[in-house]
Structure formats: C-alpha cells, structure tokens
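**Q** With these hints in hand, go ahead and build the complete structure from the sequences.
Residues per chain, in single letters:
There are 2 protein chains.
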Amino acid sequence: MAKEKKLVQEITSMEEDFAQWYTDVVKKAELIDYTSVKGCMVIKPAGYAIWENIQHELDRRFKETGVENVYLPMFIPESLLQKEKDHVEGFAPEVAWVTHGGMEPLQERLCVRPTSETLFCDFYQKEIQSYRDLPKIYNQWCSVVRWEKTTRPFLRSREFLWQEGHTAHATAEEAEQRTIQMLNLYADFCEEVLAIPVIRGRKTDKEKFAGAEATYTIEALMHDGKALQSGTSHNFGDGFAKAFGIQFTDKDNQLKYVHQTSWGMTTRMIGAIIMVHGDNSGLVLPPRIAPTQVMIIPIQQKKEGVLEKAYEVKGMLSGYRVKVDDTDKSPGWKFSEQEMRGIPVRIELGPKDIEANQAVIVRRDTREKIVTPIPELEQKVAEVLETMQKEMLERARKHRDAHTYTAKTLDEFKKIAEEKPGFIKAMWCGCQECEDALKEEAGVTSRCMPFEQEEITGTCIHCGKPAKHMVYWGKAY
Amino acid sequence: MAKEKKLVQEITSMEEDFAQWYTDVVKKAELIDYTSVKGCMVIKPAGYAIWENIQHELDRRFKETGVENVYLPMFIPESLLQKEKDHVEGFAPEVAWVTHGGMEPLQERLCVRPTSETLFCDFYQKEIQSYRDLPKIYNQWCSVVRWEKTTRPFLRSREFLWQEGHTAHATAEEAEQRTIQMLNLYADFCEEVLAIPVIRGRKTDKEKFAGAEATYTIEALMHDGKALQSGTSHNFGDGFAKAFGIQFTDKDNQLKYVHQTSWGMTTRMIGAIIMVHGDNSGLVLPPRIAPTQVMIIPIQQKKEGVLEKAYEVKGMLSGYRVKVDDTDKSPGWKFSEQEMRGIPVRIELGPKDIEANQAVIVRRDTREKIVTPIPELEQKVAEVLETMQKEMLERARKHRDAHTYTAKTLDEFKKIAEEKPGFIKAMWCGCQECEDALKEEAGVTSRCMPFEQEEITGTCIHCGKPAKHMVYWGKAY
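Chains P and Z, in that order, give the protein sequences. Residues in the first sequence are numbered consecutively from 1, following the numbering used here. Residues in the second sequence are numbered consecutively from 1001, following the numbering used here.
Certain hints may be false.
Calculated pairs, EDC-like style, for lysine to aspartate or glutamate (alpha carbon to alpha carbon, straight line, at most 16 Å) [as the list claims (entries may be wrong)]:
| no. | chain 1 | residue 1 | chain 2 | residue 2 |
| --- | --- | --- | --- | --- |
| 1 | Z | 1027 | P | 127 |
| 2 | P | 136 | Z | 1078 |
| 3 | P | 38 | Z | 1108 |
| 4 | Z | 1126 | P | 68 |
| 5 | P | 329 | Z | 1108 |
| 6 | Z | 1439 | Z | 1411 |
| 7 | Z | 1063 | P | 52 |
| 8 | Z | 1149 | P | 104 |
| 9 | P | 126 | Z | 1030 |
| 10 | Z | 1028 | P | 127 |
| 11 | P | 126 | Z | 1148 |
| 12 | P | 27 | P | 10 |
| 13 | Z | 1028 | Z | 1010 |
| 14 | Z | 1126 | P | 328 |
| 15 | P | 251 | Z | 1328 |
| 16 | Z | 1038 | P | 104 |
| 17 | Z | 1136 | P | 30 |
| 18 | P | 63 | Z | 1108 |
| 19 | P | 38 | Z | 1078 |
| 20 | Z | 1038 | Z | 1148 |
| 21 | Z | 1323 | P | 104 |
| 22 | Z | 1251 | P | 328 |
| 23 | Z | 1329 | P | 133 |
| 24 | Z | 1038 | P | 108 |
| 25 | P | 27 | Z | 1127 |
| 26 | P | 323 | Z | 1064 |
| 27 | P | 38 | Z | 1104 |
Treat the hints as calculated values from the structure; they're not laboratory data.
**A** Right under this line is the structure:
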C-alpha cells in the first residue's frame, strides 16, 4: 500500500492550497510541462488528447451551422493592427514583435497574432464585393500569442491554442443572430460534453473585447469559487468594416458596410475541466471528453488466462475508448495512476473474478464499485458512463448554485465578497464608476449581465440610483 | 456557351506557361489568396478542406503506428537554436526573430520555429531518464516560418502548415527502423490517397537535413517534368542527444545517449496534387482526398420535381461527400466551376433524365459520360470513384516513367538535362565535387539515391571513377 499511496501523496490537497493542487494535478496527470521558453508550455500527450477531443466535437458542431475552416498568416503588419483604434489600444501592449527576417531588419515590424480580426478584415475587404459573397462564416484553428506577465498552465500562457471564428454579414440582425448562436453553441458544448454548467450573458462595456460593440460570454464557476470566462462571442457591428472599408453592393444596388462577429474558445477549457471536476486523487474527466474512457486493470496478470481475458473484455467494449494496463506495475499503483489521469471507469479483473465470470467496474468520481457478470459488461459500462456524465454536470451545477449568493445591500455585498468565494448576484445602474468602485472596495469584477435577468432590488448596489441590470460579480481567473 | 467558357478561358494553358497555369488554378479554384503580409498566404475553404483531409488520413496512419500528438511552443530562444552546430548553420539565415514582448525588449531574442528539433531535445532531456521512458513517438501539427526570399503558393511560403514527428529511441537500430517506417508511410499515403507515385530513397550528404546523419525522401514528378520533394524522414543518430545531453539509464545500468528521428509532410502536397493531376480546365482531385466527391447539377432546376429529385439522389449517396449545386447560375457555368474545383464526379440530372429514371455521371479526369439508371447510381458512383482513383495513379505513373531517362555518358546526361524535363538516372561516385559539377554544368540536383538500385554503368557519370550509387537527378521545386 505504501507504494500506491505515494503517487497520490505527491499532490497537495485542494483544501490546503487550491493553486498548488491545480499545479500538482497538471504535472502529475502529465498534461503539461514547463519549457525553456518563459511563459510557454509543452502540452503533453494526455493533455493534447483532451484538446483533440474538444476540437473534434466543436468542429463538428461548427460545421453543422455552416462554418468553413481557413488559415490566415500568424503575422500582422503593424500598420494593419493599428487600423481599428480601440482594438490596437487593447492588444498592442501585449504582443510579441518580429523585427528581423533572417539576417535583415524588416521594413515594417510584424506582430505575432494575438487574435486575427485585422487579418480577416484585410482578407474580407478583398473578398467581398456583392451581397452574393455574404455571409462569410469562417473559422481557424491556430495558436496565438499574448505577452502576459504572470502565467499559469492552460489558464494564462504566452502562447495558447484556440479557434477563432470570424464572420461577415449583410445585416446587423444577422450578425447579432450569429453572435448569440455561437455563444449558445459554446454553452451547450460545455454542458453536454464537458459537464460544466455556465451562465450565459453579456459583458459590461468595461469588460468587452477591444473593438466590439457587444461581447457575450459564458461564465463557469471553479471548485474554489472563482469564475472562469469560458468562451466569448463578439458583435462588432460595422466598426471594423468602416475602419477597413469592407463594403458590398446590396440587392437594392446600395453600397453598404458589412456587419461582423468573432468568437473563440481556447485550451483554457482544459483548466476548467480540472478545476470543476478534479479531486484530491487527481483529474476526473467527463466520459464524453476522456481520451481513454475505460482502463482495464488485470489483477495477478501473470496467472494463466488473466491477460487474455482482459483483452477479451476490451474486445467486448469496442464501442468505447478502452485500454488494458498490462505494464509490470502493481495493481494498486495502476489504480492510482488511472485515478490521477481521471479515466472515468476502471475494470478490475483477477483470477477469482474470471472464475465467477464477473468483473468489478469502479467509477472514478464516486468510487462506486459495481460487480458485474462479464456478459453484461458492455451494457453496464454504457450505463455507468452515461450516468457519470449526467451526475458530473448535476454535481457541478449544485456546487455552483450553492456558491451563488444574492446581495441586496453594499454591506452584504462586501461581506459575501470577503467571506464566501462564488458568484454574487446584485443590481447595477450601468455606469462604470460603480463597476470600478466595486472592484476597488470588494475586489470583484462584473462577470456578465445574464440573459436570465431577475429583479433583486430596484436600485444599484453601489450608488442607489435606479438599477438597469442584474449582474453576476466574482473573482476570476 | 460563351458564359461557361469564360471561367475556363481565364486560366492560361499549361502548355503555354506552366507556372502561370499553376497560379491561375490556385486562384480560380479558390484554394489560396495573397495577403498584406509579404510571402504569406490565406488558405481558403476549398484549400483548407484538402489539408483537413490530408491531416485526417495521415494522423490516423500515424496513430496506428503508436504516434502521440503533443504541442510545443512556437518560439525558440537563440541559445537553444545554437546548441547543435550544423542545425543552426542550416536554419539561422532564414528565421524570423522576435525581439520585443509588449513594450519591452527581450533579454534573449526568440526565433519563430522553422522546425522544432531543438525544442523537442530540450523537452526530451527532462522527460527521459530510464529505458522505461523510451521510445518517445511524438508528433505535432503546427505552422512553421522560414524567411524565404521568393515564394510560391503552397510550394514555398514564409509560413506553412505541416506535421513534424520527433522520436527518441534506446538503440540506433530502432531509430533507423522508425525513420524508414515513416518514409514508407508517407510513400503509401501519397500513392494510395493522393494518387501520386513516388521514388523512395536517400538524400546525398549535400542535400540532407541540417544536423541529420541520414535523410530519406520521397520524390514525385510534376506534370512539367520538375521534381517535388514530398516528404522527408531523418535519422539523427545520437548527434542531437550529445549536443543536448539526452541520456538514459539502460537495462544494463549503463548511461547511454538516445537515438532520434524526425519526419514531416507539409501543405506543399496540395501543390503536388495540382501539378500532378490538374489540366487546362483546372484542378483534378483524387476521389479519396476530395472534400466534395460528387456534385449533383440539376438541369432546368425550376421545373417541378427536378430539385427534389436532385436531393433524393444526394440522399441515396450518403456514403460519399456529395453536394447539390442549386444556385441560380446556368448549368454550363456550374459544370465549369465543378471542373475548375476538381470535384471528381458530377451527376447531371434534368427533366428528361428523370422521365427516363436515369442520370448522367461525368468523370472529371476523362470526361467520360455514363448514363446510369437512378436505382443503380450508388453502385455506379462507387465504381467510378474507385476506378478514377486507380487510373489517376496509373496515369501519373506512366507520365513519370515516360519522363524518366537513363544517362550513360556525361554528354548524354547534359543533353537530357537540357532538352527533356524529367528524372535522369545516372551513376555517381559519391563525392560532392561531382554533385556540384553536375549542378553547375547541367543545372540539376541529386533528388535521391533510390532504395531500388540499378547498375547502369560501373562508373561515375562525371568523373569516371568507380560508381557507388545510382542517383535520380532533376530540376526541382
């Protein structure tokens, strides 16, 4: 037992130090490694396989709505970045600059894309002439660079992977519709696949994307009560179109500006999975996103027939992503590893089980043991994975609801902010002074104005003037 | 007829000007667009969809051999790039340098990866301690940057997409085996999926990868008789391991250096598909790689029942990638577009066909028309796609063989090099002086020393000393 406990003991408990627990899990589950490049990470096979599943599932959902994939350059000439005023102000302080190509200095320096609005605009300006060229519903999968000062694996790093959708439409209505459609797509994906419940809403003007008319967001609550912005969808109106001169001749023969959107989701969702579902034994992966869904662990595998049976069972489960751990480690060590890596289900199978024509299914999240006759294994595994997926979402939702508070007075607001990590729902007048003051006085930021509004009180929690919006507030990653 | 001819007339004929024909096809088939970023391209939906199919098929084949995907940073600190002497000499002249992050100059400048050997070595140096950690069979899909002076769409651009596999092994034998295995995987992929026949062989020392002990290559012949290096696989021996100190404790308790390989294939394969299969009507895509395999074009689509029947036929072909062109363009224009885009098969379907319960299948490559009863469409389409795939490979092979010449004397060699575009097979003594001289005197480079050696003469084509290798020579992209 000493040996198998060791792996687990190497991770800090989340109650003791959540940040350290997170870093430990990221390392011990072999998701990531640090590199010689400051602020940049290696995404290792176990981490990248999760991203591949995220990509696969998102890409499928995108294409069902008519999205086409493209690839644009990773470099943006400085003059292009500067075309939209708010946008350059938002991003210029945190871009990496290429100044030399080979041995020679460049005539104009290039930044490594922090996001590609300006490149898509430059592209669309040439591509779009007529209403017949619209809409453009393009997306790219790529990496982007933002020169962050402090970094954390998956959550904030100088380079990260994402997809960025960029669309152009003939009308404002169509652009708004696409913006909301993609936000809902992200929300459904989070809930159905990652088992992460999210609040859907709109960002305040202060928190919106540099250059956007409106930014919509989905906000998730991590186990420690901090919020994580999990996906955003921006409506640019015709602001970029005017800055870049993207015009088309409409059916009525009038020259008009296009309306644009962009929307993105990143590798930080792997961080969200860890912080929503993980426990003190490591990662817990929702079955639908798990690269390996079932790990078969033979007991006394050197005894005749055990390994054969393990592979026979694997063959029975061909509809799932199944592995057999036939390494020469002890079963206990293998259990710890499977738990650390968050594999949803393990099947224990030893000589006595084989004699009784049964196996033991163990759920990663509840650790429930289910002795199952081998002929019924396939059906039982299907059932367990389905139940686990559902219950993980429910558990996360309960946790979030239990950590969502309502404040009616400023004192109450401050007290909650200080003592109870989680979301605070409170009314707001809509002015940035109050938003700034709440950050200053209570240390929280506005997460979003949720689509599902409630009227808690009639007045702003800070200034007492008539309230315009109910807002989710919180501390955020 | 005037209108439908127009689209085709916009491309230069390949006999007139092959380079211009290529550029025209790339633009008119909507594969690529130029950008404000000099030397960088936009890969448009029709081009990117081909790359997605290449990725999908290669990735599946990789994983069958045990490859795992990872992601490493796009930046390489200058000191890291310099660790392996030959490598830095090969790449330093053509890298892009990042010198500023945000508003501040960097302490050490970073290059944007031109290839990631140095990063993988840095990573492996920390990851590998014991023989138990071996082998590492990692790959990444990413973009790389090489600051080329002259660029051409897909064939040579400052940024391109590729995969780069990087492996580490306990023994030299295992590394060599993996190097050859991946070269054969590339060759099979080219022949089976892209219908491009390739010569498998080894590069001369002059042409090998910077830092490699041996570079293996597959070489394809384009329609104009120029060669295209289509995939390479490198065996590094323990050169990089020694430069980076990648050591492991072997089973015999001895500290040993690992043996490494790397192998890559890029978006230039899209250029190869164009230049091997294209014709004067545009692109011709092999069915297995075509994003759309069948385009159904309704004739007189406004007549009752025509569009319904077109969609019914699409439903019958659910095993294939099928679209219906129901735009309001003329059928002739649609034919031209389908041909320009290289969609392997079109199905023409009009009121008279429907009355006769038939449709007309037209093959893109041969333009053969096959009148087919509708109930037999599915089987016939399957047959036509299969035949077309096979015949495209055969046609390309015949073309290559017809443009492969054998030279026994230097005069003969020079005459072929001057007059007959294609491969020249000739014997070589193995010294770089003769290789350099043949480039100087005949304008060709060594493409590879093929695995299938023949003895044409006993002596080097240039110096007359005893020959060591039969070499394929040619002009290359």
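**Q** For each hint, tell me whether it holds in the structure or not.
**A** Against the structure, the hints come out as follows:
1. 1027/Z / 127/P: 12 Å, holds
2. 136/P / 1078/Z: Measuring from Cα to Cα gives roughly 40 Å; hence the hint is violated.
3. 38/P / 1108/Z: Between residue 38/P and residue 1108/Z the Cα gap is close to 11 Å, so the pair holds against 16 Å.
4. 1126/Z / 68/P: 40 Å, violated
5. 329/P / 1108/Z: 44 Å, violated
6. 1439/Z / 1411/Z: With Cα atoms ~14 Å apart, residue 1439/Z and residue 1411/Z stay inside 16 Å; holds.
7. 1063/Z / 52/P: 13 Å, holds
8. 1149/Z / 104/P: 11 Å, holds
9. 126/P / 1030/Z: This hinted pair holds, its Cα atoms lying about 13 Å apart.
10. 1028/Z / 127/P: Status holds; Cα separation ~13 Å.
11. 126/P / 1148/Z: Since the Cα atoms of residue 126/P and residue 1148/Z sit roughly 25 Å apart, the hinted pair is violated (cutoff 16 Å).
12. 27/P / 10/P: 10 Å, holds
13. 1028/Z / 1010/Z: The given pair, whose Cα atoms are some 8 Å apart, holds under the 16 Å limit.
14. 1126/Z / 328/P: This hinted pair is violated, its Cα atoms lying about 24 Å apart.
15. 251/P / 1328/Z: 15 Å, holds
16. 1038/Z / 104/P: At roughly 15 Å apart (the allowed maximum being 16 Å), residue 104/P and residue 1038/Z satisfy the hint.
17. 1136/Z / 30/P: Roughly 14 Å separates the two Cα atoms, so the pair holds.
18. 63/P / 1108/Z: 42 Å, violated
19. 38/P / 1078/Z: Given pair residue 38/P, residue 1078/Z holds - Cα atoms ~13 Å apart, limit 16 Å.
20. 1038/Z / 1148/Z: 10 Å, holds
21. 1323/Z / 104/P: With a Cα-Cα distance of about 49 Å, the restraint between residue 1323/Z and residue 104/P is violated, given a limit of 16 Å.
22. 1251/Z / 328/P: Answer holds: residue 1251/Z to residue 328/P is near 15 Å, not above 16 Å.
23. 1329/Z / 133/P: 14 Å, holds
24. 1038/Z / 108/P: 11 Å, holds
25. 27/P / 1127/Z: 12 Å, holds
26. 323/P / 1064/Z: At roughly 14 Å apart (the allowed maximum being 16 Å), residue 1064/Z and residue 323/P satisfy the hint.
27. 38/P / 1104/Z: Judged against 16 Å, a Cα distance of about 15 Å means the pair holds.
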